[in-house]
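Asker: Take a look at the letters that make up each chain.
2 protein chains.
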Amino acid sequence: MKIGLDIMGGDYAPKAAVLGAIEAYRVLPAGQSLVLVGDKDVAVSILQENEFNPDHFEFVHTTEVIGMGEHPTKAIAQKPDSSIARGYNLLKTGEIQAFSSAGNTGAMLVGAMFSVKTIPGVIRPALTAIVPKLKGGLGILLDVGANADCKPDMLLQFGLLGSLFAEAVYGIATPKVALMNIGEEEEKGNILSLAAYPLMKASSQYNFVGNVEGRDLFGDAADVFVCDGFTGNIIVKLAESYYVITRKKGFNDEFFNRFNYEQYGGSTILGINAPVVVGHGISSPEAIKNMVLLSRNMAESNLVEKIKQAFV
Amino acid sequence: MKIGLDIMGGDYAPKAAVLGAIEAYRVLPAGQSLVLVGDKDVAVSILQENEFNPDHFEFVHTTEVIGMGEHPTKAIAQKPDSSIARGYNLLKTGEIQAFSSAGNTGAMLVGAMFSVKTIPGVIRPALTAIVPKLKGGLGILLDVGANADCKPDMLLQFGLLGSLFAEAVYGIATPKVALMNIGEEEEKGNILSLAAYPLMKASSQYNFVGNVEGRDLFGDAADVFVCDGFTGNIIVKLAESYYVITRKKGFNDEFFNRFNYEQYGGSTILGINAPVVVGHGISSPEAIKNMVLLSRNMAESNLVEKIKQAFV
Chain A
1 MKIGLDIMGG DYAPKAAVLG AIEAYRVLPA GQSLVLVGDK DVAVSILQEN EFNPDHFEFV
61 HTTEVIGMGE HPTKAIAQKP DSSIARGYNL LKTGEIQAFS SAGNTGAMLV GAMFSVKTIP
121 GVIRPALTAI VPKLKGGLGI LLDVGANADC KPDMLLQFGL LGSLFAEAVY GIATPKVALM
181 NIGEEEEKGN ILSLAAYPLM KASSQYNFVG NVEGRDLFGD AADVFVCDGF TGNIIVKLAE
241 SYYVITRKKG FNDEFFNRFN YEQYGGSTIL GINAPVVVGH GISSPEAIKN MVLLSRNMAE
301 SNLVEKIKQA FV
Chain B
1 MKIGLDIMGG DYAPKAAVLG AIEAYRVLPA GQSLVLVGDK DVAVSILQEN EFNPDHFEFV
61 HTTEVIGMGE HPTKAIAQKP DSSIARGYNL LKTGEIQAFS SAGNTGAMLV GAMFSVKTIP
121 GVIRPALTAI VPKLKGGLGI LLDVGANADC KPDMLLQFGL LGSLFAEAVY GIATPKVALM
181 NIGEEEEKGN ILSLAAYPLM KASSQYNFVG NVEGRDLFGD AADVFVCDGF TGNIIVKLAE
241 SYYVITRKKG FNDEFFNRFN YEQYGGSTIL GINAPVVVGH GISSPEAIKN MVLLSRNMAE
301 SNLVEKIKQA FV
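Residue numbers (my numbering), protein chains in the order written: chain A, 1 to 312; chain B, 1 to 312.
If you are wondering where the hints come from, they were derived from the structure by calculation, not from laboratory data.
There may be inaccurate statements among the hints.
Pairs count within a copy or across copies, as identical chains cannot be separated in the list.
Straight-line alpha carbon distances no greater than 25 Å define the calculated BS3-like cross-link-like pairs of lysine-lysine that follow [said to hold, decoys possible]:
id	residue 1	residue 2
1	K201	K74
2	K2	K201
3	K151	K248
4	K308	K117
5	K201	K237
6	K308	K248
7	K135	K248
8	K248	K133
Chain A extracted, bound-state conformation (with noise of 0.2 Å):
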């Protein structure tokens, strides 16, 4: 298996990301390897300044980057020799069975509808968070800003996406799925959730066990939480601060130290037609590892496969 990595995407790219590059190979099992995408003489420098053969991995050459700032579209349109929209294009043709990168998030989106594009069936596809269980374990939550505006029927396929995904990557069994919402009971909500509430309920394909609230985010009540893009996003970003919070107070305790994102990677895109990550722009090596990882993950699990037949 090849994995693709933009080595040119991140706050602190393209540094942070060749040295997670060989922080990933170190892990990684014969048989699985590494594709750099991104400038090559930058990354062989990096790479022999910490004497490491650049032999072990691949590299495809790019000369354009995209910037986080950029606007997604057009840069997608405008800059096809960017690391971003030639990582993709190594997607579709199959030379790389899974693509991750820690650059700009709407372009990522981007470049994954124009290329591998959305499985047929899926009507938006949706970027995941991982939320730290009191309990152990983890909890998946999305849409996280794919989809500022969502209508019903997607919140009921997030559901879908988000099982499966909980499913073959995490290992969760008949993964419980809840609405995120403003009370547990079924009049409760706004009209996007009294319309979703329904058919969720009615779902064969998955485990709907109800409403949520947002003290219930960290608890058992569900694997999987829904919600629309700019709620996500909002929740997301108010538990990063937390997290950000305690590691300044000097909090050393097992629970908070599980939000630090560097462990899970990043937010994956489901719904498209392959495995793709989109890491934290701040990401570390250790983090551009574990985004690797996921992806890696994404790919042996057969996920997107999976994902296709339930929307058949």
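Once you've looked at the hints, dock chain B against the given chain A.
Answerer: For chain B alone, coordinates are given in the frame of chain A:
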């Protein structure tokens, strides 16, 4: 000034409410007295058990109670002698100048609309929550649940309501008002926030500082955070769960301790013709005391008059 308190509202009512009334009595200055609305006999017996002279309070005896899980509109209509309905009646006729309850939030909202009514010009009242700031002081988040679905001009108004509240009750000069969003740039957001942004930006009635994100809630970017009630409710319940977790873990930290809802008294209903506070269902006597004092502070600051003038 006469300050009304529903002694039947809350998970630990009437005991916690009556004990809270005693605590409030001890700090209220001359000229400010409490009117306890609820079952007088029970209240008097709790006071006597605690060796407190019932003559320090006025009583309005009621025979009905609206439960925490009751349907708000039905309960208000069907229980005219409930402590909430009677309390609002006293407020409407001017027999009390402020009212608070740790009871059914929905019934408190509906009761307000049916009795003291919405201030002319205000589309919909909003519920507030207080959020502690890392560097000290506090911020105000609204709406936190009165309006699950909002229109852009409602968010515009929430900015004004929050700004007037922050200034009048908390002494924050020229409060910075921000729109809770999923990106800092003007062009980021969902349909609602994209439409609200230009309205808020054009307002000459308050100091709009632009978009903030979930991670900015405890920082100094803004004093007033505006969002729809769905988003705000999830934020508040998530924030509360963090507080509960830090307490369970025994973290004794000045910042996290300031998450303690007991200190803040509760959520104010802004945009109605009287000062009203809704306390947390689990309110302790300490929380009840602060709820009473917050309703008093609202009355003392002439907040309602200031809101009326701003909406003329």
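Asker: Tell me, in ascending order, the numbers of any earlier hints that this structure violates.
Answerer: Going through the list in order, the structure violates hints 1, 2, 3, 6 and respects the others.
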